[in-house]
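Listed in order, the protein sequences are those of chains A and B.
Residue numbers 1 to 339, in our numbering, belong to the letters of the first sequence in order.
Residue numbers 1 to 339, in our numbering, belong to the letters of the second sequence in order.
Hint data in this document are derived by calculation from the structure and do not stem from the laboratory.
For chains that are exact copies, the list does not tell them apart, and a pair is met inside one copy or across any two.
Pairs of lysine-lysine residues, derived as BS3-like cross-links and limited to a Cα-Cα distance of at most 30 Å, are as follows: (1) Lys146 <-> Lys161; (2) Lys11 <-> Lys146; (3) Lys47 <-> Lys11; (4) Lys146 <-> Lys47; (5) Lys161 <-> Lys211; (6) Lys211 <-> Lys162; (7) Lys146 <-> Lys162.
Listed below are the residues making up each chain.
Protein chains: 2
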Amino acid sequence: MPPRRHRPTLKDLAARLGISESAASFALNGRPGVSEETRRRVLDLAKELQWAPHHAARTLSGITSMTVGFVLTRDVREFGMESFYLRLLTGAQSVLSTRGYGLLFQMTSAVDEELAVLRRWSEERRVEGVIISDLRRGDPRPAYLKELGLPAVLAGGPDPKKLLPCVTVDDAAAMRLIVDHLRATGHRRLAYVSGPADLLHVHRRIAAFRKAAAGSLAEPGVIGTDYGDEQGLAATRWLIEAPVRPDAVVFDNEVLAVAGVRALRSAGLSVPADISVVSCEDSAICTALQPSLTAVQRDPAVFGEAVAAKLLRLIHDEPVPDADAQQPNLAVRESTQQR
Amino acid sequence: MPPRRHRPTLKDLAARLGISESAASFALNGRPGVSEETRRRVLDLAKELQWAPHHAARTLSGITSMTVGFVLTRDVREFGMESFYLRLLTGAQSVLSTRGYGLLFQMTSAVDEELAVLRRWSEERRVEGVIISDLRRGDPRPAYLKELGLPAVLAGGPDPKKLLPCVTVDDAAAMRLIVDHLRATGHRRLAYVSGPADLLHVHRRIAAFRKAAAGSLAEPGVIGTDYGDEQGLAATRWLIEAPVRPDAVVFDNEVLAVAGVRALRSAGLSVPADISVVSCEDSAICTALQPSLTAVQRDPAVFGEAVAAKLLRLIHDEPVPDADAQQPNLAVRESTQQR
DNA sequence: GACGGAAACTAATGCGCTTTAGCGTAGGGA
DNA sequence: TCCCTACGCTAAAGCGCATTAGTTTCCGTC
Chain A
1 MPPRRHRPTL KDLAARLGIS ESAASFALNG RPGVSEETRR RVLDLAKELQ WAPHHAARTL
61 SGITSMTVGF VLTRDVREFG MESFYLRLLT GAQSVLSTRG YGLLFQMTSA VDEELAVLRR
121 WSEERRVEGV IISDLRRGDP RPAYLKELGL PAVLAGGPDP KKLLPCVTVD DAAAMRLIVD
181 HLRATGHRRL AYVSGPADLL HVHRRIAAFR KAAAGSLAEP GVIGTDYGDE QGLAATRWLI
241 EAPVRPDAVV FDNEVLAVAG VRALRSAGLS VPADISVVSC EDSAICTALQ PSLTAVQRDP
301 AVFGEAVAAK LLRLIHDEPV PDADAQQPNL AVRESTQQR
Chain B
1 MPPRRHRPTL KDLAARLGIS ESAASFALNG RPGVSEETRR RVLDLAKELQ WAPHHAARTL
61 SGITSMTVGF VLTRDVREFG MESFYLRLLT GAQSVLSTRG YGLLFQMTSA VDEELAVLRR
121 WSEERRVEGV IISDLRRGDP RPAYLKELGL PAVLAGGPDP KKLLPCVTVD DAAAMRLIVD
181 HLRATGHRRL AYVSGPADLL HVHRRIAAFR KAAAGSLAEP GVIGTDYGDE QGLAATRWLI
241 EAPVRPDAVV FDNEVLAVAG VRALRSAGLS VPADISVVSC EDSAICTALQ PSLTAVQRDP
301 AVFGEAVAAK LLRLIHDEPV PDADAQQPNL AVRESTQQR
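Generate coordinates for the entire structure from the input sequences, incorporating the hints supplied.
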């Protein structure tokens with residue numbers, strides 16, 4: 001590996017052209033103070049020498065760091081096949097990069113670790129703002145970010161204390177869509193295999209499910225899991241061994257749904273003939289499976305784009321639109337059928 | 001949102017303690033030149049005021065930027081459900097963060113865009129090194145990185161021109177594992193639904209497959225796809241409509257495999273009774289499906305860890321071990337059965 | 001009691017850039 | 001003719017830190 005080439009500095013440019021550093025700086029930044037001819041010469045030379053401003057130097061002299069952070073606290077084992085986060089990241093990143101922002105990514109395994117990362121990033125002035133997600137009950141992050149004064153957007157709010165702006169999907173509406181569909185197609189005993197209830201969005205979904213399905217609830221109506229496929233299997237088995245078997249099961253994401261379908265099959269039940277299945281999260285696997293799974297659609301990439309856009313507005317002190325709720329859509333597929 | 005708190009600087013610390021900036025700097029960086037007592041006072045005050053070194057200032061004064069980049073050029077549509085990259089990212093990130101490095105992530109949609117990103121990062125001195133992946137035939141990146149003098153590690157090599165160090169999985173060995181297993185279980189007409197052949201690892205797999213399966217090849221033996229599930233469906237249909245139907249099909253990843261199983265089923269064929277199926281990539285879905293899929297196992301997170309570790313060695317001019325080939329393992333599951 | 005030397009600091013410089021203030025020169029209006 | 005302004009540019013300061021070269025004080029030593 002050759003030694004990293006000595007990068008030309010502004011001083012080099014200026015010296016080669018016999019002008020001052022400031023003139024070069026003006027020229028390169030499109031500010032007044034230099035003649036058009038000088039500007040051209042500077043730009044040409046800069047291109048020739050492959051000059052680019054030193055990021056740290058720029059940041060130090062007051063320009064922002066042009067970086068946004070994204071911390072994700074997640075049990076690594078849970079990352080089985082969920083594609084949600086990568087797609088979210090993809091979307092956020094695409095908006096950021098077109099605006100010249102970089103995305104600093106870090107995963108942590110616990111909330112206090114995440115707090116430490118946020119704090120370090122803030123103190124080091126390494127990021128202009130951050131994206132956080134997966135708010136839990138009593139989550140310390142919104143207040144902490146507020147205290148740090150670090151711009152932040154919550155992917156998947158809302159924040160109950162309204163400390164942070166957020167981009168959210170209307171979880172209750174999504175759940176109503178599902179339940180309405182199931183009832184309209186003749187289902188009368190609905191069950192829901194949810195994620196961990198201390199996740200706020202799960203909590204909202206459970207509440208919405210209970211409310212919407214009132215009168216048509218199976219017993220048990222809701223079973224919590226850790227989003228892992230083993231618990232998905234177990235929960236489903238439990239449901240079908242209940243005295244009165246549900247005629248439709250809603251799963252919180254596609255991982256659980258896949259596990260559920262498997263459990264149903266190995267119990268000799270057919271989907272959708274015996275039991276209908278719905279996933280609250282869509283992904284390629286829902287259409288690839290047989291039967292394909294009825295699922296709530298929301299494009300995680302679009303979601304990520306909205307989050308990033310909102311964060312940039314926040315960073316630039318532009319007015320931030322209040323609630324950015326993506327309206328969910330239900331893709332009805334083969335796994336639900338008229339009773 | 002309260003205004004971002006004014007961050008204390010070294011000067012502030014020094015002033016409050018009545019000492020010079022340099023003394024404070026010495027104390028904070030654990031170098032000699034200050035008494036233990038002064039050091040304590042500085043450290044205490046720093047903690048009290050939540051002082052942290054300004055990242056840009058540090059970088060500017062010669063300390064490295066403590067950042068590593070990861071660019072991914074990928075057709076966004078292909079990100080259906082592949083979890084590989086998120087897991088790779090997870091692994092790399094975990095190693096980096098324990099060493100205090102940040103991970104700058106960017107996705108691009110074409111190779112020349114990626115080159116531009118790499119160049120900008122290098123010129124701006126924004127990253128110390130980068131991770132790249134998915135080398136294609138005639139890929140310009142290794143030479144370009146060499147020219148930039150930017151440390152880089154290839155995730156999933158080897159680089160045919162040996163310009164870049166890499167961490168690799170022995171693709172040929174993986175393919176031999178598969179083929180040996182299939183032959184040992186009595187399969188005699190093997191077919192392979194691969195990814196795009198201009199990806200080098202796909203190319204290697206195809207060659208290895210052709211060689212290992214010589215004498216037991218179906219006709220057609222290999223069909224290329226774009227990794228999308230539609231082409232997976234089409235390729236599989238084509239295979240089973242061939243005059244002599246294969247008795248086992250190898251799919252390049254789980255996305256293709258899932259699509260393939262679906263195609264087989266809808267053609268009235270049973271897996272594994274009529275046709276065995278193997279996936280070259282494992283993920284939760286392979287075990288969740290029914291039948292569960294026999295697949296080559298390699299932990300993308302471990303892979304990512306190895307890549308990051310290697311990059312750090314490279315950055316620090318430590319000797320870089322030559323070939324870091326992860327030995328693949330074949331998880332035999334329900335989708336392959338004795339003929 | 002003078003001297004070498006370590007210890008504990010301070011002063012000053014530089015990293016590469018942005019920005020403000022300042023300084024000639026040319027042109028235009030009175 | 002003189003003044004005022006606009007222009008094109010230079011000089012200098014500053015961002016926050018690391019680091020090197022000095023400076024002072026104190027100690028042990030012969």
